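Undergrad: We have chain A; now place chain B onto it with these hints.
Number of protein chains: 2
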Amino acid sequence: MNANLLILDGNQVAAKIKEQLEARISRLATKGVVPCLATILVGDDPASTTYVRMKGNACKRLGIKSIRIDLPAETSTDQLIATIKQLNEDSEVHGILLQHPVPHHIDERAAFDSISIDKDVDGVSTQSFAQNAFGFAAFPSCTPAAIMAILEYYKLPVSGKHAVVIGRSPILGKPVSAMLLNKDATVTTCHSKTTELERFVRSADIVIAAVGKPNFVQGDWIKPGAVILDAGYNPGNIGDVDYEACLPYASAITPVPAGVGPVTIATLLKHTVDSAEKKQGI
Amino acid sequence: MNANLLILDGNQVAAKIKEQLEARISRLATKGVVPCLATILVGDDPASTTYVRMKGNACKRLGIKSIRIDLPAETSTDQLIATIKQLNEDSEVHGILLQHPVPHHIDERAAFDSISIDKDVDGVSTQSFAQNAFGFAAFPSCTPAAIMAILEYYKLPVSGKHAVVIGRSPILGKPVSAMLLNKDATVTTCHSKTTELERFVRSADIVIAAVGKPNFVQGDWIKPGAVILDAGYNPGNIGDVDYEACLPYASAITPVPAGVGPVTIATLLKHTVDSAEKKQGI
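Quick note, the sequences are listed as chains A and B, same order.
Numbering (the numbering used here) for the first sequence: 1 to 282.
Numbering (the numbering used here) for the second sequence: 1 to 282.
None of these hints come from the bench; they were simulated from the model.
If you're wondering where the values come from, they're calculated on a predicted model, not measured in any experiment.
Some hints here could point you the wrong way.
No distinction is drawn between identical chains; accordingly, a pair holds when it is met within one copy or between any pair of copies.
Lysine-lysine pairs mimicking DSS-like chemistry, simulated, CA-CA at most 30 angstroms apart [unchecked claim]: (1) K183 / K85; (2) K85 / K155; (3) K31 / K279; (4) K279 / K193; (5) K155 / K193; (6) K155 / K223; (7) K213 / K278; (8) K223 / K18; (9) K213 / K31; (10) K193 / K18; (11) K278 / K223; (12) K16 / K85; (13) K183 / K193; (14) K193 / K278; (15) K65 / K223; (16) K193 / K223.
Only chain A is shown next, with the shape it has when bound in the complex:
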């Protein structure tokens, strides 16, 4: 391990975000407003159930109301969209989160895109993506926003750096590529069809692992001094990065767990409070 290695502590970043939220939630309370996040879980995937529970608990601890809607695995796309539309209309709900992934027979994209952009605190809709890619106001997807928040918290420079994003999903690889580009990084987006992936990673100042394969990124792929953010969450709390193998090369790295994960949840809470404030004209 190199002497100057910085472990990017997601719990610390999340604590800072939550601390700032507490004052804002108290202020909303004086106006009789309680920020409210509605979470929809379709089916009973164990990992998804855990995530939804974690998000609900995080809301509760901070004084954000959470509504949990559990739908059976056999729910149709139309039924799911009808549920979302009810929540769009519900004036007490400030944020709507549809837990990804939904069962295969559901058109997840249609469901995501039925979430009103004002309540899309998870930043999953097509319109939210585009607004963010073009640098407008809209809630960015939470994991990409968490990655940016960690870089900002630790004052790690992005402008002019070469960022290599491994993964191109609509809720992670594509939006984080867009957000890094908007912060003036030179961004390379890699994926399963990339040839010579190692070559790209070796030239990266910032590596974003968003590939969904445990311990995928190898230590000897890392340019000495690179910053590594691991957005992977594989079964068993294993990241996409071979953490121990990368320690000798990285200048900064997120652990898994306690890296990107807690900041993602804090970002979701922040967006919910942002939405509640916006509705109040604050």
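TA: Only chain B this time, still in chain A's reference frame:
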């Protein structure tokens, strides 16, 4: 110049696209439908006036109706949007093009985004961008679509190739990066804040110049065998690529003029016909 150099002839690609459109336009005529493109020009910038005239002439030659709306330079954003909304409502209009750029006092993004997605044949709205980035149906921005059409026409492989896009504008650099990524290229998006631009270009299999600086891309930046597409259109019909200097290195290159330009116009016509057919349920 290397012996196997392929000059990517935009006129040839455009002619092929137009040939396919003729039959479709005739078929629409039997149903009493004439595809119609409305073009809005705000102010009297000479280059923009030329582009609008070229597009109008191209429509006329193919049997597409064109409506040209000239607005004074002092038009407000609200007035422009009101004009666009009238065209959105007009059932005889299948495509709406707002000539870029508009005078500085106008919120161009708001104007672009007021174009109905069904009629956004120039692919400039935020929603059109996002739908394309995610690989859905929507009209892609015309110049990026023209670049992809040239690659396809000449059967130049994209999957697994390293594409370097120089430029990140909302109507060119960002959408062409997204479209190349969706065709499985590994895409690096470079821009004014990129350090060591030459290094990125030197590793590219496909170079997209979309920077708006005459003769910017130098010959000795080009990896031997690279494919170069020049989307630049600088005053005096000068591209972004130093064409002569790149000839010894490239395996294929678009000239300026007669490269990307004519295919962009043909793509605009194609989208207008697509829109007319879609409205007829064809």
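Undergrad: If a hint holds in the structure, say so; if it does not, say that too.
TA: So, going through the hints one by one against the coordinates:
no.: 1; hint: K183 / K85; verdict: neither (34 angstroms within a copy, 34 angstroms between copies)
no.: 2; hint: K85 / K155; verdict: neither (40 angstroms within a copy, 45 angstroms between copies)
no.: 3; hint: K31 / K279; verdict: within (12 angstroms within a copy, 49 angstroms between copies)
no.: 4; hint: K279 / K193; verdict: neither (43 angstroms within a copy, 37 angstroms between copies)
no.: 5; hint: K155 / K193; verdict: between (33 angstroms within a copy, 18 angstroms between copies)
no.: 6; hint: K155 / K223; verdict: within (20 angstroms within a copy, 36 angstroms between copies)
no.: 7; hint: K213 / K278; verdict: neither (38 angstroms within a copy, 41 angstroms between copies)
no.: 8; hint: K223 / K18; verdict: neither (34 angstroms within a copy, 49 angstroms between copies)
no.: 9; hint: K213 / K31; verdict: neither (46 angstroms within a copy, 54 angstroms between copies)
no.: 10; hint: K193 / K18; verdict: neither (39 angstroms within a copy, 33 angstroms between copies)
no.: 11; hint: K278 / K223; verdict: neither (43 angstroms within a copy, 51 angstroms between copies)
no.: 12; hint: K16 / K85; verdict: neither (33 angstroms within a copy, 45 angstroms between copies)
no.: 13; hint: K183 / K193; verdict: both (26 angstroms within a copy, 10 angstroms between copies)
no.: 14; hint: K193 / K278; verdict: neither (42 angstroms within a copy, 33 angstroms between copies)
no.: 15; hint: K65 / K223; verdict: neither (44 angstroms within a copy, 57 angstroms between copies)
no.: 16; hint: K193 / K223; verdict: both (22 angstroms within a copy, 21 angstroms between copies)
Violated hints for the displayed structure, listed by number in ascending order: 1, 2, 4, 7, 8, 9, 10, 11, 12, 14 and 15.
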